[in-house]
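> Chain residues, written in single-letter form:
There are 2 protein chains.
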Amino acid sequence: MVKDMLGRNEAVSADRALDILLNLPLNNKPSLEVPVEEAYGRVLSCDITSPENMPVFSRSAMDGFAVRASDTFGCSESVPAYLRLNGYVKMGEAPDVTAGPGDAVSIPTGGMLPEGADAVVMLENVQQTGDDMIEVMRPVAPGENVIAAGEDIRERDYVLRRGIVLRPQDIAALAGLGITRVKIYKKPLVSIISTGDEIVPPQSHPGFGQVRDINSFNLAGLVMNTGGIPEKFGIFPDEYNVLRDAICRAVESTDVVLISGGSSVGTRDMTAALIESMQKGGTLFHGVAVKPGKPLIGGFVRGVPVFGLPGHPAAVTVSFHNFVEPVIKKIGGVDLQIERNRPAAVSARLVKNISSAPGREDYIRVSLYEEGGELCAEPVFGKSGLISTLVRADGMVMIPSHAQGIPRGEMVKVRIF
Amino acid sequence: MVKDMLGRNEAVSADRALDILLNLPLNNKPSLEVPVEEAYGRVLSCDITSPENMPVFSRSAMDGFAVRASDTFGCSESVPAYLRLNGYVKMGEAPDVTAGPGDAVSIPTGGMLPEGADAVVMLENVQQTGDDMIEVMRPVAPGENVIAAGEDIRERDYVLRRGIVLRPQDIAALAGLGITRVKIYKKPLVSIISTGDEIVPPQSHPGFGQVRDINSFNLAGLVMNTGGIPEKFGIFPDEYNVLRDAICRAVESTDVVLISGGSSVGTRDMTAALIESMQKGGTLFHGVAVKPGKPLIGGFVRGVPVFGLPGHPAAVTVSFHNFVEPVIKKIGGVDLQIERNRPAAVSARLVKNISSAPGREDYIRVSLYEEGGELCAEPVFGKSGLISTLVRADGMVMIPSHAQGIPRGEMVKVRIF
Numbered sequence: 000m001v002k003d004m005l006g007r008n009e010a011v012s013a014d015r016a017l018d019i020l021l022n023l024p025l026n027n028k029p030s031l032e033v034p035v036e037e038a039y040g041r042v043l044s045c046d047i048t049s050p051e052n053m054p055v056f057s058r059s060a061m062d063g064f065a066v067r068a069s070d071t072f073g074c075s076e077s078v079p080a081y082l083r084l085n086g087y088v089k090m091g092e093a094p095d096v097t098a099g100p101g102d103a104v105s106i107p108t109g110g111m112l113p114e115g116a117d118a119v120v121m122l123e124n125v126q127q128t129g130d131d132m133i134e135v136m137r138p139v140a141p142g143e144n145v146i147a148a149g150e151d152i153r154e155r156d157y158v159l160r161r162g163i164v165l166r167p168q169d170i171a172a173l174a175g176l177g178i179t180r181v182k183i184y185k186k187p188l189v190s191i192i193s194t195g196d197e198i199v200p201p202q203s204h205p206g207f208g209q210v211r212d213i214n215s216f217n218l219a220g221l222v223m224n225t226g227g228i229p230e231k232f233g234i235f236p237d238e239y240n241v242l243r244d245a246i247c248r249a250v251e252s253t254d255v256v257l258i259s260g261g262s263s264v265g266t267r268d269m270t271a272a273l274i275e276s277m278q279k280g281g282t283l284f285h286g287v288a289v290k291p292g293k294p295l296i297g298g299f300v301r302g303v304p305v306f307g308l309p310g311h312p313a314a315v316t317v318s319f320h321n322f323v324e325p326v327i328k329k330i331g332g333v334d335l336q337i338e339r340n341r342p343a344a345v346s347a348r349l350v351k352n353i354s355s356a357p358g359r360e361d362y363i364r365v366s367l368y369e370e371g372g373e374l375c376a377e378p379v380f381g382k383s384g385l386i387s388t389l390v391r392a393d394g395m396v397m398i399p400s401h402a403q404g405i406p407r408g409e410m411v412k413v414r415i416f
Numbered sequence: 000m001v002k003d004m005l006g007r008n009e010a011v012s013a014d015r016a017l018d019i020l021l022n023l024p025l026n027n028k029p030s031l032e033v034p035v036e037e038a039y040g041r042v043l044s045c046d047i048t049s050p051e052n053m054p055v056f057s058r059s060a061m062d063g064f065a066v067r068a069s070d071t072f073g074c075s076e077s078v079p080a081y082l083r084l085n086g087y088v089k090m091g092e093a094p095d096v097t098a099g100p101g102d103a104v105s106i107p108t109g110g111m112l113p114e115g116a117d118a119v120v121m122l123e124n125v126q127q128t129g130d131d132m133i134e135v136m137r138p139v140a141p142g143e144n145v146i147a148a149g150e151d152i153r154e155r156d157y158v159l160r161r162g163i164v165l166r167p168q169d170i171a172a173l174a175g176l177g178i179t180r181v182k183i184y185k186k187p188l189v190s191i192i193s194t195g196d197e198i199v200p201p202q203s204h205p206g207f208g209q210v211r212d213i214n215s216f217n218l219a220g221l222v223m224n225t226g227g228i229p230e231k232f233g234i235f236p237d238e239y240n241v242l243r244d245a246i247c248r249a250v251e252s253t254d255v256v257l258i259s260g261g262s263s264v265g266t267r268d269m270t271a272a273l274i275e276s277m278q279k280g281g282t283l284f285h286g287v288a289v290k291p292g293k294p295l296i297g298g299f300v301r302g303v304p305v306f307g308l309p310g311h312p313a314a315v316t317v318s319f320h321n322f323v324e325p326v327i328k329k330i331g332g333v334d335l336q337i338e339r340n341r342p343a344a345v346s347a348r349l350v351k352n353i354s355s356a357p358g359r360e361d362y363i364r365v366s367l368y369e370e371g372g373e374l375c376a377e378p379v380f381g382k383s384g385l386i387s388t389l390v391r392a393d394g395m396v397m398i399p400s401h402a403q404g405i406p407r408g409e410m411v412k413v414r415i416f
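In order, the protein sequences belong to chains A and B. Taking numbering that gives the first Met the number 0, the leading residue of the first sequence gets 0, the next gets one more, and so forth. Taking numbering that gives the first Met the number 0, the leading residue of the second sequence gets 0, the next gets one more, and so forth.
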C-alpha cells in the first residue's frame, strides 16, 4: 500500500483525520454583495453592527393608554387612578399630543410613545368613564408595556457574526435595520469524479457486470445540502492517465475534489498513487477507523482537498458527513464553532441491541418512529453496499470507538439525513 | 370582536386549531415531471416501484476469490482448503470463467460472481501458494461476502412512497434503478401581505412613528424553508378597501395567504372582518392558546387558507411553525405522517428555570451551547416584540398548556430554527 505524506499506511482515528483536514491551509471563498432577500441560507462574510437604535423611538408593546407611571402608583380596582384622556396616538405618525401629569393618551400596539409618558396601561386594566376620563385599576412601573428606543438592538452593537448561515429571522433583522445589501461568501465548487470500469450512467441499460452510477447522485445532493455547488465531471474508466487528467482539471477549477471510486483494493491503490503523483500534492491519510467508510483517502493537491471516497453507498454518506462536510463548510466561510451548537441530531430510544467492534467508530443506520409520545430508533441492518438501507433509514447512530455496542432501551443521538 | 364561522370568539387550543386547519378540503398542487437531478428536496408525487432487481446479477462485496462455499467447509489455518485458481473476473464484464468444484476465481469488490460460485473468500483469509493454487484458511457460508441479485431492491418492490421529501440517497436509488425522470408536486405559492400604517420598506428612512418591515422578510424565508414560494404583495395601509382588494387578488392567485398585520386590536379586528366579508369565506378561529402568538386568525376563503398573523416577530415564527407550515406542506403534497418521524427537535439540558401560565402552550426562545459533551439550552428572555431575541436564539422550547414551567436541569426538546 502507498504510504501517505507522513509515512503512514495504517488507518487513522476519526478525530485525527478531521484534525488533519481542518488544519490544512484552506482559503475562504471570496465574498460577493447581494440584496438581503437573496441571502437566505447563505454564509455571512463580515460582522454586522447596527447603524442605529431599533426601535428608533419608544413604542407601545400593547393596546392601551400611555401614561406617567407615577400617576398610577397605589391604584387598585377599589381605588382607581383617574386620568384625563388627552387624545390619541395615530399609528405611523409622531404623536401630536403629550402626556403631562395626570394625562393618559390612547395608543395602539406599536404606536410611538408621546412625550412625557414612560409606561402603557393595558386596555384590560382601564375603564373609560366619560369622553375625557379613564379609571386605571392596576399600577404600572416605568417602562412597563413599552419597547424603549434601542431596546431591541442598540446602535453599534453586533447584530450578526461573520460565518453564520443566514436564517429567516437574521434577514428580517437586517431589513429592519435598513441594511438592504449584505456580503456573503461565494459557494464552494465541489467536483465529483466517478471512476470504475463497471459504472454506467443511469440512462444506460447496464450489460453483464455493469451497474448504474449511484454514488455521484448521492454526493451531489450532499454537496448541495452543505452549501456547495456540485460539478459532475463524469464517469471515467480505471485508467491511470485518463483519471490523472480528470483530477488535474478538477484541482484547477474547483475547491474540493471528490473521487467516487470503487471499493476494490486495486482502485483504491490507484487513487492513492494518483494523488501522490500530483505536483505539489500528496495523501494525508489512507483509511480511517470508521465503519462503514474505512477505505477513505484524504489528500491535498495544490491547496485543494482531494478525497478518494469508498464505493459502498452507506460508506459514502458516513465519510461525507464526517470529513467532507466540515471541509466544504470551512471553505464556504462557515464558522464551525457556531455551527456546532446547531446540531442535526435528535435523541431517540434504541429499540434493539447493537454490537460493535472496539477500535473504530461504528455507524448504524436507523429508522425513527413515534410510540407513546417517544421517539424510537430501530436499526436498519444490511450491508453498507446496499442503497436501500440508506433509503429506509432516517439517520445514523454512532457507536464510539471504545464501546462494544449499545443495549436496547438506551437513549441515542441520531444524526438525521 | 367578530365571531368565527362556528360562532366562537374565544381562543382555541393549539391542537384544536391545527385540527381545524388540517381537516380543511385542501387540494394538492399538480405534479410535474423532472429529471431526477432536479428533484433534490422536492416532494415525490407518486409511489415508485422498482422496474428491476438491484443488483441485476450477484456481485462480490469484497476483494477475494469466488468459490463454492462447500469447498471451504471445515478448513482452518492448520488445515487449509486447497483450491485451483481458475482465472479472474474483470470489473464491468461478464466472467469468462466458471467456478467448478475445487475452483477459485479471483474477483474484485463489485465484480460479477462467476457461474458456479456462491460465496467469496476474503483476500485476508487466503494464501496464494503457486500460480494456480490458493489455500483458504477460513470457511465461508453460501452467500457470504456476496450481494445477491435483488438483495438491495427486488423487482416490483416499493422503493419510495408518495409524499416524501427526496433526499440525496433517494435520488441515488432512483438513478441506480435507471429511473431518470420523476414526478414531483409543484411548490405552493404563498402570498405575503404586509399591513400597517406604520410600516415602511427597508430601503426607506422611517419618519417618526414609522418602522421598517421586518415580518415579511422573516415569513419569506420561513416559506422557502417549508418548500413554498413566497410572493410578496407589498405593504398596504390599514384601509379596508385597499386591503380587501389585495386579499382578493392573493386568494385568486396563490395557494395560501399570509396577512402580516400589526398586533393592535384595531388591525386584528379589521383583518378578521375582512376575511368574514369575503364571498365563500370566513374565519375558522380568532386567537389560539399559545404564547407568543395568541392573536393568530385562521380563515378559509374560496378554498384558500388565509392567516392573519400576529405582529410580534417571535409570535410570527411560533405561529408559522405550528399552523402555517403544516398547511403549506400538506398542499405541497408532503405526507405529514412520514414527516413526523423526521423531527427538527434536539434534546438539551435546560440551565435555568422557566415558568409559564397554565392553559396555553408557552414557547421560550433558547440558545444552545455545548458543555462537558452535553447540549445545554439557555433561555433568551425578552419581549416577543423584539427581533433580536429571535436572532440570538437557536430554537424554541415548548411548555405544554397543563404545565406551570420547567425546572432547570431537566432535558427539554428544542425545535431548531
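Rather than coming from a laboratory, the hints here were simulated on the basis of the structure. Any given hint could turn out to be false.
Identical chains blur together in the list; that is why a pair holds if it fits in one copy or across any two.
As the list claims (entries may be wrong) - Here are the computed lysine to aspartate or glutamate pairs in the EDC-like style, where the Cα-Cα straight-line distance is at most 16 Å: (1) Lys-185 to Glu-32; (2) Lys-89 to Glu-238; (3) Lys-412 to Glu-373; (4) Lys-231 to Glu-37; (5) Lys-290 to Glu-9; (6) Lys-412 to Glu-230; (7) Lys-351 to Asp-334.
> From the Cα coordinates, with 16 Å as the cut-off, is the pair Lys-351 and Asp-334 best called within, between, both, or neither?
This pair counts as neither: shortest intra-copy Cα distance 37 Å, inter-copy 27 Å.
> My question is about Lys-290 and Glu-9: at a cut-off of 16 Å on alpha-carbon distance, are they close within one copy, between copies, both, or neither?
within (15 Å within a copy, 56 Å between copies)
> How would you label the pair Lys-89, Glu-238 (within, between, both, or neither) given a Cα cut-off of 16 Å?
between (77 Å within a copy, 14 Å between copies)
> Can you tell me if Lys-412 and Glu-373 fall within 16 Å by alpha carbon in one copy, between copies, both or neither?
Classified as both: same-chain Cα gap 14 Å, cross-chain 11 Å, threshold 16 Å.
> Is the C-alpha distance from Lys-231 to Glu-37 at most 16 Å within one copy, between copies, in both cases, or in neither?
between (25 Å within a copy, 14 Å between copies)
> If the cutoff is 16 Å on CA atoms, where do Lys-185 and Glu-32 land: within, between, both or neither? Let me know, please.
For Lys-185 and Glu-32, only the intra-copy Cα distance (10 Å) is at most 16 Å; the inter-copy one is 31 Å.
> 16 Å Cα cut-off: does Lys-412 pair with Glu-230 within a copy, between copies, both or neither?
neither (32 Å within a copy, 38 Å between copies)
The earlier numbered hints that this structure contradicts are 6 and 7.
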